[in-house]
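Q: Can you build the whole structure from these sequences, using the hints too?
Line order of the protein sequences matches chains A and B.
FYI, the numbering for the first sequence is 815 to 1221, going by the working numbering.
FYI, the numbering for the second sequence is 815 to 1221, going by the working numbering.
Certain hints may be false.
[Stated by the list, open to error] Stretch-level coverage of chain A by chain B, calculated; a stretch enters the list once three of its residues show a Cβ under 8 Å from a Cβ in chain B:
(1) 887–899
(2) 911–925
(3) 1094–1108
(4) 1129–1143
(5) 1149–1161
(6) 1195–1201
Don't read these hints as lab results, they were simulated from the structure.
By construction, the Cβ of each residue, glycine as well, lies at the ideal position given by its N, Cα and C atoms.
Number of protein chains: 2
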Amino acid sequence: MDLLHNISQLATCPVNGKQEEIGSISDAALVWEFGKILWVGKENALPDTYRDALPHDCGGRLVIPGLIDCHTHLCFGGWRGNEFAQRIEGKSYLEIAAAGGGIASTVKATRESSFDVLKQKAAGLLEEMLALGVTTVECKSGYGLDYDNEIKQLEVYAALQQEQPLDLVPTFLGAHIIPPEFTERRDDYIELLTNKLLPEIKRRELAEFCDCYIDEGAYTVSEGRKILQAAHALGFGLKIHAEQLTHTGAASLAAELGAVSAEHLERITVKDHKLLADAGTVAVSLPLASMYLKDDYIDARGLIEAGVAVAVATDLNPGSSPSGHLPLAMLQACLNQAMTPAEVLKGATSIAAKAIGRENLIGSLLAGYQADITIIDAKDINHWMYHFRANACAAVIKNGVWQHNRL
Amino acid sequence: MDLLHNISQLATCPVNGKQEEIGSISDAALVWEFGKILWVGKENALPDTYRDALPHDCGGRLVIPGLIDCHTHLCFGGWRGNEFAQRIEGKSYLEIAAAGGGIASTVKATRESSFDVLKQKAAGLLEEMLALGVTTVECKSGYGLDYDNEIKQLEVYAALQQEQPLDLVPTFLGAHIIPPEFTERRDDYIELLTNKLLPEIKRRELAEFCDCYIDEGAYTVSEGRKILQAAHALGFGLKIHAEQLTHTGAASLAAELGAVSAEHLERITVKDHKLLADAGTVAVSLPLASMYLKDDYIDARGLIEAGVAVAVATDLNPGSSPSGHLPLAMLQACLNQAMTPAEVLKGATSIAAKAIGRENLIGSLLAGYQADITIIDAKDINHWMYHFRANACAAVIKNGVWQHNRL
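A: So, in C-alpha cells, the structure goes:
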C-alpha cells in the first residue's frame, strides 16, 4: 500500500459535472494498492486504516490523473520535415502532393517499413509521451490502406501493449483516405474494409474502435455510414474524423450512430453542437493540427456551452501534427480555444477517457479507478499550464507502478 | 583536442550573408581545443593535424552553434499564473492590474524577494535553458525600478555568471515602466536613472547594455532618447523595446542612435524597415509574447526582405511570455512569422549574437569562435523544427566543456 502526500493541489477530475469542475483538493493525499486507488482526500483526514502505507512526499506539487492522448496516428513510416519548410516557403499542399509528398508519401513509407522498424519508432514516441505524464494513448491505423499493412500497424500496437507500460487503445482507420490504387473503384476498397478487414480485426481483437475520415478528398457521409454501420454490427465502438476541412454532415452522422467521439470539428456548426450534446458524443479537439496548419481552432466555448464534453489530444502524425507533446496541445487549447486550464485538464483526463470508452476505469483520481497518476512540478494547474517548460512532469505512476520518478 | 564526427548536418551560421544562408555542411566534423573551435569541414577532409583528437560520435545527428536567447527578463520575483486563467475567462489587462496584478505585482514581488531567492530561481531557469541547448542568455533588470532593487537584479546576474556555465549578457532596463511611486514625477525617476544608476552600474560593470521600453503606458520617445543618450555617453550599448503595443517612432530612434537591437516590433511600419536596415540594427522578434498575448506576430518577411537581420528570442518573463523554451519560440517563428527553419536557426545563433554585440565571438561554428556547440537529435534542421519534442537536444558543449551529454 502506497501513500502520496504533501500535495498542494490534487484534481480528481470526475467525468460527470461541468467541464470546469475538476474536483480540486488542496493539501491532499492519495492511497493506492495493487494498481487501484483506495482513497483520495485531505491529508489531515487520512483514515487510520492507511497510516501504515508507504509514504511518498510530493513536495507540495500538483497531482493529476495520468494524461490520456485520445487521438494519435502513432504508427507510421518516415517523416515529412522537408514539406514543413516547403509550406513556409509558400508551396501549396497540392504542389507538394503532386511532387510525391503529403499523406501518400507516408502510406508509401509505412508500407515499405518492416514491423520491427515501425514498432521501434512507435516505442520511442511512447517513451517520450510517458515522460511527459501520458499514461494511455489511443492509436489509429490508416497508413497501410491495404489488407496486410493495416493489419501490420494494428499488430505493432498489439505487440507494444505487451512490451511497454502505457495502455494503448487501438482504432482501425482503414477508411483514412482512398488508397491511390483504388481511386477509380472506391466501392471495392470499401468492400475490402467491411467484408474482410473489419471481420478479421474483430476476430483477432486487434482494435476496439473503428474510425472514418469523412471530408472532401476522403470519404463521403454515405460511404462513412456504410463502413461505420458494418463496424457497429461487428461490435466496434465508433469514432469519426469530422468537419475538419469542409462541413460535410459528419458530426451529425456521429450523433446519429452514437459514436463515442467526433474528432477535429474545425468546421462544425452551431446546429451540430446540440446533436453531439444530445448523443453524448465527445468532441475531440486537436489544437496542434490547427497550430501546424495555421487553420482555425475549434469553437470549444460553443461546444462546452451547448453541453458537449471537449477532449484535447495531440493528433500526433508525420504531416499535420508532428508532435506528441500533449501539454503543448493543452497550452494551445487554453490560448486559442479559450478553454481554462481546468477545462483543458479535464479534456485530457476524464473526458479523454470517455472518448475511448474507459471513463469508469481511468482518467479520474477516485477510489476504484486504476492508479494512473501524474505528478507535476507546479503548485497548481494554472501555473502548470502557463509556465511552459520542456517537461514539467516530476513523476508518473502507471497502474500503480512508478515509471519516472524525479521527485 | 576533441573531435565531433558522424554529423549528418552541421550549420556554421556565419553572421554575414542572407538570413537563410546557414553554411550547411553534410557529413561534417568539428575540432576544438581549450574552448576554441580549430576546424570545421567535411569529415572526409579532416586534416592530418587533427587525426589524434579525441573522437566523439554524434550518431548522424545535427550540430549547430549553441543557441543564444538574446532577450529575457530572467530575474523576477513571483509568478502570475492566476492572471493567465483570468485572461482566458475574459478579464481585461486593466481589470487585472486594478486588482493588484500585472507588471506592478511582479515589481512588488521582486522588491520583496531576497538576493538569494532571486538567484536560486534564475539559476533553475538557466539550468533548463542549458538542457535545451542554450549557451548564452541576455538578461534584463527592470523589475526593481528603484536604486537598490535594480542593482540587486544586476548583482544576481553577476553572481550567476560566476556560478554556472552559461554566458550571461546583463542589460539595464531601469526604464521598463515608470515605477508606481514616480507616476506624478517622471522626470525625477529619469534623473535617478541617468545621474545615479547608470554611472554606478558602469563603474561596477554590472551591465553591458541599456534598454528602454518606449510605448504608450511606458516611456515616450523623447524620454527614451534622453536615457539612451546618457547611457551611450557612458559607453553602454543600446537596445530598445520598440513598437510593441503602439507605433511610437521608437524603431526610428533605435536607428538614429545606432542601437544594436530594436525588440518586439509587432507594430513596426514598412518605413521603419529601411531605417533599421541602414543602421544595421537587429530586429529581435519575440514570438512567444505574441503567442501568449494572442497578439500580432512581427512582419519578419518584410524585415528580412528589407535587409534587416531578424533574431528570435523567448522574452522569458512572468507576465506576457512565461517560458524560456527557445525551440518553441523558434517553431512559432516558423509557423507565424513565415521564417524558414534555416532563417530561424540563424536568428537564434549568429544574428542573436549580433543583437548582443558578440557576433565575432559566439553564434557561429567557425575556426576561432568559442566552442559553444549544441547537438540535436534530428538529422537536419527541418526535421528538428517540425517534430516538436519536449527536448530534442542530445548534448551541449559550452566553452569547450561538455555540459549535457545524452549521446
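Q: If you check each hint against the structure, which ones fail?
A: Of the numbered hints, just 2 does not hold.
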